[in-house]
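Asks: Here is how the chains run, residue by residue.
2 protein chains.
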Amino acid sequence: MSLVVQKYGGSSLATPELIKSVAARIRSAHDSEGNVVATVSAMGDSTDNLLSIASKVSETPDLRELDVLLSTGELQSCALVAMALKAMGKKAVSLSGAQAGIRTDSSYGKAKIAGIDTGRINEELEKGNIVIVAGFQGVTNDSDITTLGRGASDLTAVALAAGLNADRCEIYTDVEGIYTADPRLVSNARKMTQVGFEEMLELASYGAKMNPRSIELGMVYQVPILVASSFNNEPGTLIHDGENMDTTVGEIRNRVRGIATDKDVAKITVFSVVDRPGIAAALFDPLAESDISVDVIVQNASVSGTTDLTFTIKQFDVDRAMKVVEKVAQDLGTTNVGKAENLAKISIVGTGMQDSPGYASTMFRSLAEAKINIEMITTSEIRITCIIGSDQVAKAAEVLHAAFELEKSD
Amino acid sequence: MSLVVQKYGGSSLATPELIKSVAARIRSAHDSEGNVVATVSAMGDSTDNLLSIASKVSETPDLRELDVLLSTGELQSCALVAMALKAMGKKAVSLSGAQAGIRTDSSYGKAKIAGIDTGRINEELEKGNIVIVAGFQGVTNDSDITTLGRGASDLTAVALAAGLNADRCEIYTDVEGIYTADPRLVSNARKMTQVGFEEMLELASYGAKMNPRSIELGMVYQVPILVASSFNNEPGTLIHDGENMDTTVGEIRNRVRGIATDKDVAKITVFSVVDRPGIAAALFDPLAESDISVDVIVQNASVSGTTDLTFTIKQFDVDRAMKVVEKVAQDLGTTNVGKAENLAKISIVGTGMQDSPGYASTMFRSLAEAKINIEMITTSEIRITCIIGSDQVAKAAEVLHAAFELEKSD
Numbered sequence: 001m002s003l004v005v006q007k008y009g010g011s012s013l014a015t016p017e018l019i020k021s022v023a024a025r026i027r028s029a030h031d032s033e034g035n036v037v038a039t040v041s042a043m044g045d046s047t048d049n050l051l052s053i054a055s056k057v058s059e060t061p062d063l064r065e066l067d068v069l070l071s072t073g074e075l076q077s078c079a080l081v082a083m084a085l086k087a088m089g090k091k092a093v094s095l096s097g098a099q100a101g102i103r104t105d106s107s108y109g110k111a112k113i114a115g116i117d118t119g120r121i122n123e124e125l126e127k128g129n130i131v132i133v134a135g136f137q138g139v140t141n142d143s144d145i146t147t148l149g150r151g152a153s154d155l156t157a158v159a160l161a162a163g164l165n166a167d168r169c170e171i172y173t174d175v176e177g178i179y180t181a182d183p184r185l186v187s188n189a190r191k192m193t194q195v196g197f198e199e200m201l202e203l204a205s206y207g208a209k210m211n212p213r214s215i216e217l218g219m220v221y222q223v224p225i226l227v228a229s230s231f232n233n234e235p236g237t238l239i240h241d242g243e244n245m246d247t248t249v250g251e252i253r254n255r256v257r258g259i260a261t262d263k264d265v266a267k268i269t270v271f272s273v274v275d276r277p278g279i280a281a282a283l284f285d286p287l288a289e290s291d292i293s294v295d296v297i298v299q300n301a302s303v304s305g306t307t308d309l310t311f312t313i314k315q316f317d318v319d320r321a322m323k324v325v326e327k328v329a330q331d332l333g334t335t336n337v338g339k340a341e342n343l344a345k346i347s348i349v350g351t352g353m354q355d356s357p358g359y360a361s362t363m364f365r366s367l368a369e370a371k372i373n374i375e376m377i378t379t380s381e382i383r384i385t386c387i388i389g390s391d392q393v394a395k396a397a398e399v400l401h402a403a404f405e406l407e408k409s410d
Numbered sequence: 001m002s003l004v005v006q007k008y009g010g011s012s013l014a015t016p017e018l019i020k021s022v023a024a025r026i027r028s029a030h031d032s033e034g035n036v037v038a039t040v041s042a043m044g045d046s047t048d049n050l051l052s053i054a055s056k057v058s059e060t061p062d063l064r065e066l067d068v069l070l071s072t073g074e075l076q077s078c079a080l081v082a083m084a085l086k087a088m089g090k091k092a093v094s095l096s097g098a099q100a101g102i103r104t105d106s107s108y109g110k111a112k113i114a115g116i117d118t119g120r121i122n123e124e125l126e127k128g129n130i131v132i133v134a135g136f137q138g139v140t141n142d143s144d145i146t147t148l149g150r151g152a153s154d155l156t157a158v159a160l161a162a163g164l165n166a167d168r169c170e171i172y173t174d175v176e177g178i179y180t181a182d183p184r185l186v187s188n189a190r191k192m193t194q195v196g197f198e199e200m201l202e203l204a205s206y207g208a209k210m211n212p213r214s215i216e217l218g219m220v221y222q223v224p225i226l227v228a229s230s231f232n233n234e235p236g237t238l239i240h241d242g243e244n245m246d247t248t249v250g251e252i253r254n255r256v257r258g259i260a261t262d263k264d265v266a267k268i269t270v271f272s273v274v275d276r277p278g279i280a281a282a283l284f285d286p287l288a289e290s291d292i293s294v295d296v297i298v299q300n301a302s303v304s305g306t307t308d309l310t311f312t313i314k315q316f317d318v319d320r321a322m323k324v325v326e327k328v329a330q331d332l333g334t335t336n337v338g339k340a341e342n343l344a345k346i347s348i349v350g351t352g353m354q355d356s357p358g359y360a361s362t363m364f365r366s367l368a369e370a371k372i373n374i375e376m377i378t379t380s381e382i383r384i385t386c387i388i389g390s391d392q393v394a395k396a397a398e399v400l401h402a403a404f405e406l407e408k409s410d
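Protein chains in written order, with the working numbering: chain C, 1 to 410; chain B, 1 to 410.
So that you can see chain C by itself, here it is in the shape it has in the complex (with noise of 0.2 Å):
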C-alpha cells in the first residue's frame, strides 16, 4: 500500500472551517492514495501569540520552557485535525512529536533530528488509522520537548516521509508552488512544475519561501516533495531528482532556473587588515558565539600585506555584529571597520550553469545595462549571487528574469 506524508501550514489552518477543509483534503488523499501521514504546524498567529505572552513574562524566556509553550500550538491543531476527520467518519489519531517517536537532541529552540522510531506511527497505520503528527517539535533522549526552530514544520514531513519510506511528501500552504522568481517582484514570474534538490536548496537558501534544511534531508533520502497550495487543486512544483530529469527533460538542465531574492542583507567591511594566517577564525568565532549568521564572505587579494575582509549579515544583527567587530578589529591591526545598510541579495540559481561562463557575464551585463551598482559577488557551482541596494532588487529581479527568459514554460 503507498503511504504519501502531507505537511500543512499555520495559513492552512488558521480558522475552525480552515481546519474541516484541511480534514477534507487529507481525507481526499487517504480514500485516492492509501496510507496518510499528515503533519500540521500551530493555527495561524498562534506561535506568535504565544512568544508575545512569553516575553511579557521574561525578557529572556529560558529556552527549555519556550520549547515547552511553542510545541502546544502544533499540539493543538494536530488534535484539531483528527476530531475534525473523526467527524467525517475517518479513523484518525494525533500524535505529538514525542508520540511520533521524533528524537532530537537537546538544542532548545534549533534542534536538530536525530532518528524516527517508527513504531507507534507504524502501529497506528496497521490499524488503519490516519496519523496526524504535530509539526515542529521532538523529543529528547530525556524526554524533554523540544523545536526544530521556525518553519520547522516542513522539516518533520520530509522526515516523516524518508523514516517511513513514504512514496511522496506533500508540502501545502498557501503559495502555489516554487516560482522562477518572487511573483510580488516579477509579474510574470512563472510557477516551475518541476526543480531538482540542489537547485531549489540554493533557491530556499537564497530567499524562496522553505525551509533548506528540509530540502537537503528530502536530497539525502530521496523523498520528492511537492509544493502545493492547501487553498485550491492546482498542480505545484515537484522537486524532486527523479530518473527523468536527465531524460525526458533534458533541456531544462541547460537553464538558469529561478532567481532569488532576500532584502534582509546589511555589510561590515574591516579595512586594513594585516594579512596573516588565522584572522578570518579571530573575526568569525566571536560573531558565531554571539549566534550571528554570516552570509557572503569576500576577502580580496592582498598587494600591500594588508587586505579588506567584507561579509554580510541580517540587517536585524547589524548593530550587535557591528559591536562584536570593533572589539576584534583592534587585534588585528586596524580600527577602520565600515557598515552599510539596505542590501540585497539576488542569485540566479540552476544546474545548467556548471561549467558554463557566459550566465555570469550576461547576469552582470543585464545589470549593468539597467544601472544598478554590485557591490559584491559570490558564487557556488549553480549560483551566482551579487549583492545590490535593496531598492533596486525589483528591477534586477526583472531584468535577470527577462534575460534569462524565465516566464517560458519549462
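Hints are computed from structural coordinates only; laboratory data are not their basis. Any given hint could be a false lead.
Copies of the same chain are indistinguishable here, so a pair counts whether it falls within one copy or spans any two.
Unchecked claim - Here are the computed lysine-lysine pairs in the DSBU-like style, where the Cα-Cα straight-line distance is at most 35 Å:
| # | residue 1 | residue 2 |
| --- | --- | --- |
| 1 | Lys56 | Lys110 |
| 2 | Lys323 | Lys20 |
| 3 | Lys56 | Lys91 |
| 4 | Lys127 | Lys323 |
| 5 | Lys263 | Lys110 |
| 6 | Lys127 | Lys20 |
| 7 | Lys323 | Lys371 |
| 8 | Lys90 | Lys314 |
| 9 | Lys110 | Lys127 |
| 10 | Lys56 | Lys90 |
| 11 | Lys314 | Lys395 |
| 12 | Lys327 | Lys339 |
| 13 | Lys20 | Lys56 |
| 14 | Lys110 | Lys91 |
| 15 | Lys209 | Lys56 |
| 16 | Lys91 | Lys323 |
| 17 | Lys323 | Lys90 |
| 18 | Lys20 | Lys110 |
| 19 | Lys127 | Lys112 |
| 20 | Lys20 | Lys112 |
| 21 | Lys395 | Lys339 |
| 22 | Lys395 | Lys56 |
Here the structure of chain C is known, so what remains is to put chain B in place on it, guided by the hints.
Replies: Coordinates of chain B only, in the frame set by chain C:
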C-alpha cells in the same frame, strides 16, 4: 528537607502579571519551606476557548483528541510559570502530566489516576529544581494523553502530595478558604480555620467549590490540604484529620460545621410503580448508560402494592432524563411520570451530628418557621439534606446559618 505541593487555579494565572506573581509566591515558599512542587491549571478562560474551537470543528468532539487539545492549556501555564521562576534566578523545570509520571486509565475526559511514578520529579528535586507540573492531565500505559475532568488540577496536586509524601498540599485559588456557607447567600458566613476531611467531602459534594475526588484522596492518604487565596496572604482553611482534631479542637466535633447549597437541581417522580425487586435497577441502569448522574433517590414505602420513586438530577439533564424515564416507565407498569424544575439542595454538615437527632429537628423547624417547604429529605451519617425551591435557598441558608450559630468562631 520538607516538601510542599502547591496548586494554582486558572484565575490566579490569567495574565502574564498574575503568572509572575504566582512565581513570586512559589519562590517565597521555596525560600522558606524547602522543596516545592507546584501544579497549575490553564490560564483564565483558555480551556473554555479550546472547547469552543473544538465545538466548531466537530459537533461531538472525539474524546481522545479533546484530551490532547485541552491538555495544552496546562502545559502552557506550567512552561510560563517555570520561565518566570528562571527569570527570577530560581532553578525550575516544567513537566507535563506524562513527564511527571501521572499514570491514568484511558477514560478520556474523566480519567482516574492509576499511580504516580515519582522518579523524574524526585530527580529534578535532587538537582535543586522547583518542579512545575501541568495539572488536570496524565498519560495512559500506551503513552496517550488523558485529562482528569474539569477542576481536577486539585486532584493532581493532592495525588502528587500523596505520591511524594509531601508534608502539606496547598490549594491556591480565588477564594480565601472554606466558608460555613456560600458568602453570596449568607452575609455573615465565616471562613473556617480548619475542617475535617469527612465534613469537607460532604461540603464539596454538596456545593462547596472544590473537587470532591481530591478531598477523598487527601483523606485516604492523610495529606493535610490548605485552601487559601492566591491574591493575598490570609491564612485560609486547613482540611485535615490531624490528632489535634479530637484534642485541642474537640469542641467543634459537637457542632454543625457548614452549610452546602446547590441550585442546579431538578427532580423526576415515577408514580404508581408496581413494587417488586429490580425496579430501581430497571430505572437507573438506562440513566447511567445515558451518562446522567442521579443524586438523591427517595422511594416511598409501599402500601397498596405500588410505590412512588423520586430522584434528583442536574437541571441541565432534565429533558434527556425524562425521555429515558418515560420509555422505561411503561415496562414498570405505569405511564405516570412527573418532573419539577428550579429546585435546590441545602445541607448541614458536621461530624458532631452523628447519633445526635436534635440537629434534624432544628433544621426542619427552622425551615418551617421561615415558611420554606421541604420537598425531599436525605441524610448521611454527618449530613442532612433537604430539597427546596431554588428561590428560597438564600433565605434557607441564612436561617440555618443563624440556627446553628455558624457565625461564631471555631
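Asks: Taking 35 Å as the upper bound on the Cα-Cα distance, should Lys395 and Lys339 be classified as within, between, both, or neither?
Replies: Answer is within: at 24 Å inside a copy they meet the 35 Å cutoff, but 79 Å across does not.
Asks: Reference check for the pair Lys110 and Lys91, CA-CA at most 35 Å: within, between, both, or neither?
Replies: Close inside one copy (33 Å) and across copies (22 Å); limit 35 Å.
Asks: From the Cα coordinates, with 35 Å as the cut-off, is the pair Lys90 and Lys314 best called within, between, both, or neither?
Replies: between (46 Å within a copy, 34 Å between copies)
Asks: Taking 35 Å as the upper bound on the Cα-Cα distance, should Lys127 and Lys323 be classified as within, between, both, or neither?
Replies: Neither. Shortest intra-copy (58 Å) and inter-copy (37 Å) distances fail the 35 Å Cα cut-off.
Asks: My question is about Lys110 and Lys127: at a cut-off of 35 Å on alpha-carbon distance, are they close within one copy, between copies, both, or neither?
Replies: Cα proximity of Lys110 and Lys127: in one copy and across copies (33 Å, 25 Å).
Asks: For Lys56 vs Lys91, is the C-alpha pair at or below 35 Å within one copy, between two copies, both, or neither?
Replies: So Lys56 and Lys91 pass the 35 Å test across copies only (19 Å; inside, 41 Å).
Asks: When no copy is named, should Lys263 and Lys110 be tagged within, between, both, or neither for a Cα gap of at most 35 Å?
Replies: within (24 Å within a copy, 53 Å between copies)
Asks: How do Lys56 and Lys90 come out at 35 Å by Cα distance, when the copy is not named: within, between, both, or neither?
Replies: between (41 Å within a copy, 18 Å between copies)
Asks: Give the relationship of Lys56 and Lys110 under a CA distance limit of 35 Å: within one copy only, between copies only, both, or neither.
Replies: both (22 Å within a copy, 33 Å between copies)
Asks: Classify it for me, Lys91 with Lys323: is the Cα-Cα distance of at most 35 Å met within a copy, between copies, both or neither?
Replies: between (57 Å within a copy, 32 Å between copies)
Asks: Quick one: Lys395 to Lys56, C-alpha cut-off 35 Å, is that within a copy, between copies, both, or neither?
Replies: The answer is neither: 41 Å in one copy and 46 Å across copies each exceed 35 Å.
Asks: Reference check for the pair Lys323 and Lys371, CA-CA at most 35 Å: within, between, both, or neither?
Replies: Within one copy only: 34 Å inside, 83 Å across.
In summary, the structure is inconsistent with hints 4, 22 from the numbered list given earlier, while agreeing with the others.
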